[in-house]
Amino acid sequence: MSLDLSVVLGLDTGATLKMAYDFCAARPPKEALVTWCEKAMAIARRLDEKGRPEVLRTTLEEIVGLVEAHPASFVEAEEWAKERLTESPGPWALRLLDALASAPELAAIDEAEAPAPAIDVDRLLALLPADQLAAADEALRAAAGWKAAVTALFDRARASAELPRFAARSGAPDEDHVLLERIGEGELVLTRSHAELYVDWYGPGEPALFAEGVELAPRNLPHGEGRRWLLPLHRRPIRLRLVTEDVAHSFEIPE
Amino acid sequence: MRAFFETEVTMGEFAELLREELGWLQRRVAACSRDGEMRAELLQETVRIALERAPRFLAGPSRNPRARLRCLLLASLQSACSRLLRQMRWTRPADDEISEEGHAETPESVARAREWRADHLAAVRTLLTPNLRLAYLAVHLPHEVEPRDLEEAARFHRGGAAGLARPPEVAWKLWRHAVEAIYPRASDAEWKRKVVEILRCEGPPGEVPEEEIARGIRNLDTQLTRARARLSEAEDEEDPP
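From first to last, the protein sequence lines stand for chains Y and L. Each residue of the first sequence is one higher than the one before, counting from 1 in the numbering used here. Each residue of the second sequence is one higher than the one before, counting from 1 in the numbering used here.
Simulated from the structure, these hints should not be mistaken for laboratory data. Treat the hints loosely; a few may be bogus.
[What the hints assert, rightly or not] From the structure, some residues in chain L lie toward chain Y, with a derived Cβ separation under 8 Å:
#1 A15
#2 R112
#3 P130
[As the list claims (entries may be wrong)] If you want the ones that stay clear, here's a sample from chain L, every Cβ over 10 Å from chain Y, calculated:
#4 L18
#5 A113
#6 P168
#7 R185
#8 P205
Ideal placement from N, C-alpha and C gives every residue a C-beta, glycine not left out.
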């Protein structure tokens, strides 16, 4: 086991992304926004320098999407971005800076008087395919029930440890899982097998996983499609960091 | 108009969330198109793409469903714009590639140049925000600048070199004169200077301090870089993998 040096040294895509979502929900003070901008810019610069790992690209794309979709929260970064636009940024940095510099203009578009509807809303909704709507509804319901699903998984693991025979007789499944994070081209899945809980990585590379700052011992997934770590802590919240090269992705299994 | 399957729909989670965000989406669609029919088509295509992508896009921890939905709608709008533009032939914009009819030598090449110009103009008007659009049109396609371009840029004026420094009607008079009298004989550098003087400075033309002009040109160059990046990005999305 080793200490998580990326806490000090590296980029953290998970934390930077989470903060962007927080900003979308509530407009941040300028100081906090500028601090965040520096972190997002570090991700962009690393992409311009090395072009990897993949998680940097997906994170930056998501960040740019959030800025452009919620410009009102980022308007105060305009001047910060414009200053850096004169420094011949690379393509990824340019993309981030352009989004931030465009925030006031996009915010003004969002606040403008509503145009005449291009199409009747009810007609538009009625024309959408029912099977696709059902799939989207299911995804939204699953997302809204995500925390409850995590809790249920922990509860079943506990029940399985305490009453193994009863659990076996009751016909409860031996294994179930919940998607924790989609990171770059991979997915992190919380998996319960009987009384044990694992974090499974289905994706490229051989990342390390740290729980509360301590590295967990990896093993291969049963079919070799990724990595698996046994979760030693069943007390939540659990703060985790997936580390690829020197890039970390922090996330939390909630209480 | 793209055909949809007619079905009866009960108001599910997605439809409910979409209904709440449609006003926002319509504003963004309106910013991409001045044409009513194209707006309707863009809106339908955007929602259709968003619905296709929703199950994967919205899966996982619920960080902020409304924020995620807006991101999904925006990404889908960009794809819808690209798909719409794919029906036209337009090429990667760069300083030395802006076609001029005068450079064409045969009737066929004149027709091709006209077609290219119309398609490229459609891309510029669809993909760029008002300030970037005005900067790009003013430098590369000055004859295509319309009074409405100036009005839209002025709406987002926030001081400095962004937006339009003069009242739109004043800027339009100066602009028309410059396009007719100065553009035909100006070098690229001289024209860029004139663009800055008319659109980005408040003082009388010819009396603007040199440092203000220099700052304006730097800002204009930055905006042109951003505009080209956005156009190239959209074109990359068009390319089949």
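Hint check:
1. A15: Hint on L/A15: holds, closest Cβ of chain Y at ~5 Å, below 8 Å.
2. R112: 30 Å, violated
3. P130: 7 Å, holds
4. L18: 7 Å, violated
5. A113: The assertion about L/A113 holds, with a minimum of 29 Å to chain Y.
6. P168: 16 Å, holds
7. R185: About 31 Å separates L/R185 from the closest Cβ of chain Y, which puts it past 10 Å; holds.
8. P205: At about 25 Å from chain Y, L/P205 clears the 10 Å cut-off, so the statement holds.
This entry does not satisfy hints 2 and 4, going by the numbered hints stated previously.
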